[in-house]
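Asks: Sequence:
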Amino acid sequence: MTVEDFCKWIGSSNFKDGDRLPSVREVAASSGASTFTVFRAYKKLASQGKIYAEHGNGFFWGTKPKIEASAREYETERVERLLLDAWKSGKISVDNPLPSIKDMCLSYATTLGTMRRTLEQLRAKGTLERKGQGRYYFASARVTSETTEILLIMRCNPNGDFNCLGERELSFMRKVYVEAHRNNLNVKALGYFEEEGAFLDASGNRIRLEDCRGCFGAVVSTMLVFDINKLFAKLATTRFPVAVWWEHPLYDIPRALKKEKRFAFFNLAFGEFPGRIVGRFLKKKGLTRIAFVSPYHMSMWSRDRLKGLKNVGLEVFEATDASHASPYDFMQEPRTHARYRQILMSLVKKIPPVDAWVVSNDRVGVELISLANQGKIPRPPYMVSFDNSTDSYRNRLDSFEFNVETLAEQSVFHLVSPGITLYKKGDFRELSGHVVEK
Numbered sequence: 001m002t003v004e005d006f007c008k009w010i011g012s013s014n015f016k017d018g019d020r021l022p023s024v025r026e027v028a029a030s031s032g033a034s035t036f037t038v039f040r041a042y043k044k045l046a047s048q049g050k051i052y053a054e055h056g057n058g059f060f061w062g063t064k065p066k067i068e069a070s071a072r073e074y075e076t077e078r079v080e081r082l083l084l085d086a087w088k089s090g091k092i093s094v095d096n097p098l099p100s101i102k103d104m105c106l107s108y109a110t111t112l113g114t115m116r117r118t119l120e121q122l123r124a125k126g127t128l129e130r131k132g133q134g135r136y137y138f139a140s141a142r143v144t145s146e147t148t149e150i151l152l153i154m155r156c157n158p159n160g161d162f163n164c165l166g167e168r169e170l171s172f173m174r175k176v177y178v179e180a181h182r183n184n185l186n187v188k189a190l191g192y193f194e195e196e197g198a199f200l201d202a203s204g205n206r207i208r209l210e211d212c213r214g215c216f217g218a219v220v221s222t223m224l225v226f227d228i229n230k231l232f233a234k235l236a237t238t239r240f241p242v243a244v245w246w247e248h249p250l251y252d253i254p255r256a257l258k259k260e261k262r263f264a265f266f267n268l269a270f271g272e273f274p275g276r277i278v279g280r281f282l283k284k285k286g287l288t289r290i291a292f293v294s295p296y297h298m299s300m301w302s303r304d305r306l307k308g309l310k311n312v313g314l315e316v317f318e319a320t321d322a323s324h325a326s327p328y329d330f331m332q333e334p335r336t337h338a339r340y341r342q343i344l345m346s347l348v349k350k351i352p353p354v355d356a357w358v359v360s361n362d363r364v365g366v367e368l369i370s371l372a373n374q375g376k377i378p379r380p381p382y383m384v385s386f387d388n389s390t391d392s393y394r395n396r397l398d399s400f401e402f403n404v405e406t407l408a409e410q411s412v413f414h415l416v417s418p419g420i421t422l423y424k425k426g427d428f429r430e431l432s433g434h435v436v437e438k
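If you use full-length UniProt numbering, the sequence shown corresponds to residues 1 to 438, in order.
Check each hint, because a few of them may be wrong.
To be verified - Only pairs whose alpha carbons sit at most 27 angstroms apart, straight line, appear in this in silico DSSO-like list of lysine-lysine:
1) K284 / K310
2) K310 / K259
3) K424 / K438
4) K259 / K425
5) K64 / K91
If you are wondering where the hints come from, they were derived from the structure by calculation, not from laboratory data.
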């Protein structure tokens, strides 16, 4: 068949506007003609306006519909959302240029024009700046200050020591120092002793925030700080930018400070997203019937993780106890370990046959592994946890890793360039993570 024969055949095939035509390979295979001949026929029909091509999708009958401005806007919004997802996960770093436009087109399955429009819109907002012909960077709006010192405020004991900090807090602290050094900043660490509402230096001396007004900014952890209002009443008297690691229910954020541009609140562990990510991880493995085991179900973070698991479509059996909110609660009771084990054993005895156990954190997972090794509880078919602590590596426990490095990176970036972010104005800055398999 000649090119003209193919054109006549396609024209008599009763295709309707918008119908997708068979691929060039399909037509060539069914007719015995070469793909080159079929392709030439399609190109001739396209030049006559009878069919049109969509990049990556093939050929369609009729006239190509005009893309309305709203449709273009929707596509740029989708790409911007994907960029935000990469920002949350740390795949896009504030310290490096964005990937090339070509690479981002491939990653986000979009056209060169859409990608450029999205990046230019972000540049117009002041989020990005362009260098050269096509490389984009996060804009630099470095705050001017007479000093290059930032505060790092973490909870401490009455002597100003940080020996009460957990593994995740210490990792965060180390990373803040790395990021500060990268930005040519010095770190002044202050301990917050909550019982007295005092800020202490390494020698246990009281430090007034009023005497730190020349600082560049402050990074603050609220991990296991219970009277939030007391702490933020002191921070409200400062004038420099403040990045807050928020370890409390989202609705407890002080409203007045949330509206202030100089305050940025970062969510590492609260909300449903850790449960959703673990749920999707399990579904990819074909594990859809699970038990959620938590002796800390009084806490909002435990309940939110359960919601996240359910919201991805898993069938969940709840093995929970709501008499405690955290390991800290157990420490206030006599015979702590015995009581803790008793609750865990009572919870797992109720679990029916399932594909996997999801436990509320590594502490629970390690204890269950110990009980199973002793023959006191049945061994789970598979178990995954949250925290990705050192103990999870010792015990080969797959666990969700919270993105502490990105938290520290973006916290310091907020001090250097407040207001420059991919988050929408007023958004709570939620960071994502991933499951680490051992």
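Asks: If a hint holds in the structure, say so; if it doesn't, say that too.
Replies: Hints versus structure:
{"no.": "1", "hint": "K284 / K310", "verdict": "holds, 15 angstroms"}
{"no.": "2", "hint": "K310 / K259", "verdict": "violated, 32 angstroms"}
{"no.": "3", "hint": "K424 / K438", "verdict": "violated, 36 angstroms"}
{"no.": "4", "hint": "K259 / K425", "verdict": "holds, 9 angstroms"}
{"no.": "5", "hint": "K64 / K91", "verdict": "violated, 36 angstroms"}
In summary, the numbered hints that this structure violates are 2, 3, 5.
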